[in-house]
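S.K.: Same order as they appear, the protein sequences are chains A and B. Numbering-wise, the first sequence is residues 225 to 341 according to this note's numbering. Numbering-wise, the second sequence is residues 487 to 647 according to this note's numbering.
FYI, nobody ran anything at the bench for these hints, they're computed from the structure. Quick caveat: nothing in here was measured; it's all calculated off a predicted structure. By construction, the Cβ of each residue, glycine as well, lies at the ideal position given by its N, Cα and C atoms. There may be inaccurate statements among the hints.
Stated by the list, open to error - Below are the DSSO-like pairs computed for lysine-lysine, each with C-alpha atoms no more than 30 Å apart in a straight line:
| hint | chain 1 | residue 1 | chain 2 | residue 2 |
| --- | --- | --- | --- | --- |
| 1 | A | 265 | A | 287 |
| 2 | A | 263 | A | 279 |
| 3 | A | 263 | A | 287 |
| 4 | A | 279 | A | 317 |
| 5 | B | 552 | A | 232 |
| 6 | A | 317 | A | 265 |
| 7 | A | 265 | A | 279 |
| 8 | A | 232 | A | 317 |
| 9 | A | 317 | A | 263 |
| 10 | B | 552 | A | 263 |
| 11 | B | 552 | A | 265 |
| 12 | B | 552 | A | 279 |
Claimed, not checked - Stretches of chain B that chain A covers, calculated by requiring three or more beta carbons in the stretch to come under 8 Å of a beta carbon on chain A:
| hint | region |
| --- | --- |
| 13 | 500-511 |
| 14 | 526-532 |
| 15 | 536-547 |
What the hints assert, rightly or not - Which residues of chain A face chain B? A few of them, derived with a C-beta cut under 8 Å, are:
| hint | residue |
| --- | --- |
| 16 | 262 |
| 17 | 265 |
| 18 | 266 |
| 19 | 297 |
| 20 | 301 |
| 21 | 302 |
| 22 | 308 |
| 23 | 333 |
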Amino acid sequence: VVKQNHLKLSTPEETVLLTMVVRQRFGLEIQDMVIEASKAKWWIEFCTLYPVLHKLERRGFIKPSKSELGSEEELLIRGNHRRRYYAITELGKDALLEAEQIRQRLRGWEGSSETPI
Amino acid sequence: MLMPILDRLLSHALVESIRDEALGDIWEAHHRLIMEGRSIPVRTFVTIWRALLLVCASIQIASEDKGKQSKGVDLPTHLLFLLPRAVTSLGISVAGLAVVALLVLHSFWIEDLSYLLCLFQNIDLLILAFIIVGCVTSFDLAVGSRMVDWVKNATKEALEI
Numbered sequence: 225v226v227k228q229n230h231l232k233l234s235t236p237e238e239t240v241l242l243t244m245v246v247r248q249r250f251g252l253e254i255q256d257m258v259i260e261a262s263k264a265k266w267w268i269e270f271c272t273l274y275p276v277l278h279k280l281e282r283r284g285f286i287k288p289s290k291s292e293l294g295s296e297e298e299l300l301i302r303g304n305h306r307r308r309y310y311a312i313t314e315l316g317k318d319a320l321l322e323a324e325q326i327r328q329r330l331r332g333w334e335g336s337s338e339t340p341i
Numbered sequence: 487m488l489m490p491i492l493d494r495l496l497s498h499a500l501v502e503s504i505r506d507e508a509l510g511d512i513w514e515a516h517h518r519l520i521m522e523g524r525s526i527p528v529r530t531f532v533t534i535w536r537a538l539l540l541v542c543a544s545i546q547i548a549s550e551d552k553g554k555q556s557k558g559v560d561l562p563t564h565l566l567f568l569l570p571r572a573v574t575s576l577g578i579s580v581a582g583l584a585v586v587a588l589l590v591l592h593s594f595w596i597e598d599l600s601y602l603l604c605l606f607q608n609i610d611l612l613i614l615a616f617i618i619v620g621c622v623t624s625f626d627l628a629v630g631s632r633m634v635d636w637v638k639n640a641t642k643e644a645l646e647i
């Protein structure tokens, strides 16, 4: 059974999804993007980022790519831990589209004529 | 020196699903701090802070998974006792809030250190969580195991009768 609000996104979820629209990203890169794009007004910390990524993955909005072996220098910098890239899925794109459509409808919403002022 | 120690500690504390990527990210973030020329105390503080945030993330993920799945969580067994009982410690929460209030006041006093200040965004929740977890852990270790033994023995005796 598909719930009616199965595409509903919280603000951090939407933010993280938006970072993956152009190409796949990994955790630290997402954090950097949010800080840079918001001119340091938004700050997505590790304690938010990984639970959000985990949740988006579980809901099928993002898909982790296979961990590719990075360059020797990259592995040295990362303590021999590989990057895990995430890419947005079609379902994730649908969720973003729906959020945007709702926002646009709300912007142009004049309200019901029967509603008393 | 700091990173290998943290790596080893975190590899026991983080859930399997984020372990490798999160450890890699914290290594890379530490390397960036070195490249930016941050001093050793700042690097150490920021990296330990991030490590604590990763533990918080791990607990949150394990907690959510526990809610979604009936078969349990993949949090390491020795950390399982951190999960369910924290919400019951109302008295400890009040003490935590007092500490948070002091920290917020303190953060106003050091507002010239803007780089460190931005890291204090989540400090209220984090400090509160750690105070609660610390106290509950102590309580668990001191009292919980005895209570479990007591219940087990009482049940055993009741069944024998």
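S.K.: Next step is simple, just say for each hint if it's right about the structure.
M.R.: These are the hints, each one checked on the structure:
{"no.": "1", "hint": "A:265 to A:287", "in the structure": "holds, 28 Å"}
{"no.": "2", "hint": "A:263 to A:279", "in the structure": "holds, 26 Å"}
{"no.": "3", "hint": "A:263 to A:287", "in the structure": "holds, 28 Å"}
{"no.": "4", "hint": "A:279 to A:317", "in the structure": "holds, 16 Å"}
{"no.": "5", "hint": "B:552 to A:232", "in the structure": "holds, 22 Å"}
{"no.": "6", "hint": "A:317 to A:265", "in the structure": "holds, 25 Å"}
{"no.": "7", "hint": "A:265 to A:279", "in the structure": "holds, 24 Å"}
{"no.": "8", "hint": "A:232 to A:317", "in the structure": "holds, 12 Å"}
{"no.": "9", "hint": "A:317 to A:263", "in the structure": "holds, 25 Å"}
{"no.": "10", "hint": "B:552 to A:263", "in the structure": "violated, 37 Å"}
{"no.": "11", "hint": "B:552 to A:265", "in the structure": "violated, 33 Å"}
{"no.": "12", "hint": "B:552 to A:279", "in the structure": "holds, 13 Å"}
{"no.": "13", "hint": "500-511", "in the structure": "holds (count 8)"}
{"no.": "14", "hint": "526-532", "in the structure": "violated (count 0)"}
{"no.": "15", "hint": "536-547", "in the structure": "holds (count 8)"}
{"no.": "16", "hint": "262", "in the structure": "violated, 12 Å"}
{"no.": "17", "hint": "265", "in the structure": "violated, 10 Å"}
{"no.": "18", "hint": "266", "in the structure": "violated, 10 Å"}
{"no.": "19", "hint": "297", "in the structure": "violated, 10 Å"}
{"no.": "20", "hint": "301", "in the structure": "holds, 5 Å"}
{"no.": "21", "hint": "302", "in the structure": "holds, 4 Å"}
{"no.": "22", "hint": "308", "in the structure": "holds, 4 Å"}
{"no.": "23", "hint": "333", "in the structure": "violated, 33 Å"}
Checked against the numbered hints given earlier, this structure breaks hints 10, 11, 14, 16, 17, 18, 19, 23; the rest are met.
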